[in-house]
Amino acid sequence: MARTLLGIDTGGTFTDFVLLREGRVTVFKTRSTPSDPSLASVEGIRALETPPDAEVVHGTTVATNALLQRRGARTAVVTTAGFEDLLQIGRQARSDLYALEYEAPVPLAPAELRLGVAERVGADGAPALALTEAEAERVAREVRKLGAEAVAVSLVFSFLRPEHERMLGDALARQDSLFVSLSSDVLPEFREYERTSTVTVNAYVGPVMDGYLRRLEEGAGRKVTIMQSSGGSAPVGLTRAHPVRTILSGPAGGVIGARMVAEAAGYREIMTLDMGGTSTDVSLCPGEAQMSTGHSVGGLPIGVPAIDIETVGAGGGSIARLDRGGALRVGPESAGADPGPACYGVGEEPTVTDANLVLGRMSPDDFLGGRAWLDVGRAQAAIDGLASAGRMSREEAAAGVVRVANAVMERAMRAVSLERGFDPRDFALVAFGGAGPQHACELAEALDIATVFVDRRPGVLSALGAAAGDTIRDYSRTVMARQADDASKVEDAFAALEALGKSELAAEGIDPASVRVEQRMDARYVGQSYELALERPEVEHANGLLAAVAEAFHAAHGRRFGYSNPNAPVEVVNARVRAVVAAEPLAFERRPRVEGAPQPRRTARAWFDGGWRETPVYAREDLAPGHAFEGPALVAQMDSTTVAPPGWAAEVDELENIILTRKEGR
Amino acid sequence: MAVTPVSLELWRNLLGSVADEMGVTLGRTAYSANMKERRDYSCAVFDAKGAMAAQAAHIPVHLGAMTASVRAALDHLGLNEGDVAILNDPYLGGTHLPDVSLIAPVFVDGELAGYVANRGHHADIGGMAPGSLPVATELVQEGVIIPPLLLIERGVMNDALMALICRNTRTPEERQGDFAAQLAAVRTGQRRLEALARRYGLAVVHEHMAALLDYAEALTRAALRAAPEGSYRFEDAMDDDGVSGEPKPIVCTARIADGYVTFDFTGTAQETEGCVNTPLAVTESAALYAVRCVVGGDMPQNDGVRRAVGVDAPSGSLVNANPPHAVSGGNVETSQRITDVLFGCLAQALPDRTPAASQGTMNNVLVGGRDPRTGRAFTYYETTAGGMGGGPSRAGAAAVHSHMTNTLNTPIEAMEFAFPLRLRRYAVRRDSGGRGRHPGGDGIVREVEFLSPAKLTVISERRESGPYGLAGGGPGAPGVNELRRADGKAERVPAKATLDVGPGDVFRVSTPGGGGWGAPE
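Chain order of the listed sequences is A and B.
In this text, residue positions in the first sequence follow this note's numbering: the first is 1, and each later residue adds one.
In this text, residue positions in the second sequence follow this note's numbering: the first is 667, and each later residue adds one.
Do not take every clue at face value.
Claimed, not checked - Covered stretches of chain A, as calculated for chain B (at least 3 residues, CB under 8 angstroms):
# : stretch
1 : 77–91
2 : 97–104
3 : 174–187
4 : 451–463
Rather than coming from a laboratory, the hints here were simulated on the basis of the structure.
Fair warning: this is a prediction, and the values are worked out from it, not measured in the lab.
Using N, Cα and C, we set each Cβ at its ideal position, and we do this for glycine too.
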C-alpha cells in the first residue's frame, strides 16, 4: 500500500512541508503565520494539492509558545490539603546561585487558584483519609466560582490509588466548559512536584491547543495527527487530552527525520546536530532515539517522555563579544531573525554567521537560492570590532568565534554521549538545520567522530520526520516492586497499561491488531533515587521476572556508571508501555551512480587551519551519486552550506546524501 | 598555544566540563537520597599547585573549602600517582564531619597535570545522633573523624580503612554506595583531565589553568574597584550555640581598597562550647560567595577570586575555631550568619545592589530510627527553605534556599516510600516576609508526622530575631519549631535540640521570612 504522507513543521520563521508520494519527495516552504499558525498550514496543504486520502502529520509549537509566553488558560490546581503551595515551592532550589536579587519563576496558577481537598493516601496505597462526595462537590463548585477555564488535579500518591482523583474529575466534569486534567491520567508516577507541574502545564495549554486543533481541522477539511515530544505522532483526540506531550516536539521531528534518512543510507548509530539561528539541538540514537523524562521548559518540569535532546544557546545568530576579563564569548544572546546577523544588513553585532561569512565558509550569493545577498563588508566590519578589542587579526577573531561556538556545541555532544556512557566514535554525525553542515566536520574532529552525514534536504528534516514517523503513545505507572515482591505487581501494571493503550487507540479508529506493544521499566537499587530505563527481559516463568530485571539492571548500571553492586537489592520503580503503530519504512528513490568528477561552479577563498585556501564551491544540485571530492570544499544550497575542511573526503551516495569521511591521521 | 581571548574561553569550557562531568557521575551514581535527590555535593579541578581552577556550581558552602581539602591532603600525605586521599577532619581540610572529601592527583606519563576532588554530604557519619549534626560539645561526639588518609595507595584500595569508616556509621551500606559514587567521580575527572593533557599537551593545560585564575582575579578586582573605597562595619548574632542559650555576636569590618577587600572579624564571639563553631575554611567560603555575588555574570568559580579577597579571622574565635570544638552547625548555620554580616557590610558600599537578609538558616532536621516495615535502621536529613530578602529592585523570593545552600528537597512521596514518616503540610508561610517597599519573601511551614519511635535532631537559627531589613524595611518573621505530641500536648522546641519522638507526634518547622527593603509605602 503506497500511502501519501504530508509532514508540516511550523517553525519560528518558516513553515516547512514535505510531501511523500511513491518514493518521491516534494518540498514546500512558506512564511509562518504566528497569529494563527493554522493559516500557513492550510496554505501549504492547498499549494501542494494534497490528495484527500493523504495522511497529514503536523509538528506544532502552539502549546510550547502558549507556555513560554504565558498565554494559557486561567488554570486552577487541586492538591491534597496542606500541599496547595507545592507548585510555588517546587524543589526549593534556585536556578541562579549567585544572583544578588534572585527572580523566582512565577507559578502557572497563583495562590488564589490553588485549592486543597480533604483526602490522603499513604505510601502503601491505602486511604489514610477517604475523600467524600460532598468534599469533591465542594471543590468543584469552588473551582467554578473562581472562574477557571481549566483545572489540574494532583493528589499525593494518586498513582497508587487514582480513585480520589477520579471522583474529583467526575465532579469537575459536571461543570460547563472546563478543561479537566488528572495527574493519574497524565503522569501516574511518583515525585509529586514534577507530576503536579506536568499536569498543570497540561491543563494550562489544553484550551489553547484545543482551539487551534479545531481551526486547523476545519481549515484543512481533514483529520490530522500531531507530532509528540516522543518523536511519534498521535491522533488529534489523544493530543487534545494530553497537549503537554507536544511541548518538546519542536526538535523531535528533526531527530526522527535524521534517523530515517541515515538508516535508509545504512547508518544506524547516529548523533544528530540540528544547528539553527539561536540554538543547537543534539541527540544520540544508538539504533533508536533515546527517551528521557527529566525535562523542563521555562523552569517548569515536564515529566512525560520526550526524546533526550541537549539544547545549547549557540546558533548561527549567536552574538560574539569580549567580556570584561578578556575572554571571547558566544551566545546565548542571539540576533535571531530580527535584526539578524550583521551580514543580513540590519544588525551591527558580530554573530557566528558573520564569522563563517568572513572566513569564506558560506557563499554570499547563494543564500536562500540567490533570493538574498549577504553583505560581506558588514560582516567584516562587525568582526573587525571584535578583533581590535581583542588585539587579534580579523581572521583570528572570526575563526575564534567559530571555535568558541563549537566548544559550546561540543559540550552538548559530550553530554548526550560520554556522560550517558556512549563512545561518540561509534556514531556518525548527522548534521542539519541551517548551520549544522557548516560546523559538523570540525565538531566531529573534536570528538574523534570519523563520519559526517548531510542529507539532500537538511532544512526540512523535521517535516520529513513528522510525515514518516510511527504513531506512538506512551503509558507509565509507578509500581515500586522490590525483588522479593510478587512479580504480579509489575505484570498487572503492564497488562492494565496495554489494555488502556489499545482501547484509546481503538477509540481513534486504529485497529488494535496493528498495535505493537513495547514494555520497559525504570529500575534502581533500593535506596537510590535515580532510575535507569530497561527493556523488559525475556523470562520463561513469570515469577522469574524480577530476578531477571535485577540481572539486567546490574549490567546496565555497570555500563552506564562503571560499577555495579550485585549484592544490592533492585526495585522496579515504573512500568512503561509504548503502543506503536509502525509506519512503513520509506522507500527513498535511489539514483544510479555517475562516473566522473563533479564540476565546481567556482572557487572561493576560505580560511582553514590558520590560512586562506582556494576552495571549490559546488552547487548541491550539480552533485550526483558517485561524485567524490576532497576538502577543502563548500557545497552551497538554498538554506545551508556544507563545509568539507582539509583532511576530509566527501562522497555522494545513491540517495544523494553527502558522506564526509575523515582521512587517517587527521 | 599562547593564551588568547579564544583559547581562554575554550579552556573555560574544557575545564568546566571536567568538573561538570564529575558532578554528573557523582549525582547519577550516588546511593543516598541526600546526595542523589538533594544533590548535596561539589566537584572541582585543581592546578598542579593545588589552586582550584574550575568548579561545578553546586553548593556555595563548598566553594572555598575545597581548596583547603586539597591543601591538607598535599601537606599531610603528598600524593603519588594512583593515590586517592580521603578526609573530613574540620581542622585538617574539612568543614564538618558529614562532608567527606576525596582528592586525587592526575598524572600524565609521570608528570603532574593537576588534582581532582569532590565532596559529598553523607546522611550519617556516626556520632551521638542520627544524621551526625548533633547538639554536641566536642568534635568527637559528632561522628567518625577522618584526618587526611590514603583510601587508595598507588592503586591499592585500603579496604580496612573503608570498613572502619563505614562500620562507624549507622547506615554502612548506603555509605559504601556513596563512596563508590565519589570514587567514580574521581575517576571521571582523572580520565577527562588526562585526555585534555594528552590532546593539547601538559604545558597548554598548565598555561590555561593559570590564565583562568588570572581571568577570574581580573573580573573580581574590576568589580571591587567599582565599589567606593572605605571601611564598612556590620554586626549580627547567632541565637545561641545550643548549650549556653546566649547570643553569639559576629562582627565584621570590610575594607575595600584598590580592587581588594579584606573581611576583618575582630570583635566576633569566642569559640564556644556548642556546635556552631566554624573552621576558617567555612568562613572563607562565605567570603568568596559574597564577593562572587557582587562580581555577577557567569565568571568561572576558581581560586583567582581568592587573590582579591582577604579574611582576617582571629584564631580561637567563633569564625576560626580550634580543636576540639564541635562544628556540625558551623557549616550549615554559622556560615549563613557570616554571609548575612558580609552582605550587611557590602550593603553600605553598594546600597543600590544589595538585598536585605534572607532566612539565614538551613533549618536542619534529622530523624533516625528503625523502619518497622523493614526492620532496618534509617537516617533522614532535610533542610527547609525560607524567605529571601527584598532588594533594591524587587521583592524577595519566597520558599527558596538562599546563600550558602541550594539543596533540593526530598519529594514527599520519595520520603514516605523510604522512611516511616508522613508529611502533613508543606506550605508557604504567609506574611512572614519583612515589610518594605520590596517586601521580604515568605518562609515555609512543614509538618512531619512520625510513624514509629525515632530520635529527632533540629539545628536551626533565627528563632530569636528575624532576618534584618534594609533601607527602612522591616525584619522577616523569626522561625518557630514546635512539637505536638500524639496526646495533643504541644511544646516549643529550641533552635537546637535532640529529642525522642513517637508514633503520632508531629513536628512543625516554620522557617523565617526574608527582610524587607525600603520603607513600606
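So which hints don't hold here, by number, going up? The structure conflicts with hints 3 and 4, although it agrees with all the remaining ones.
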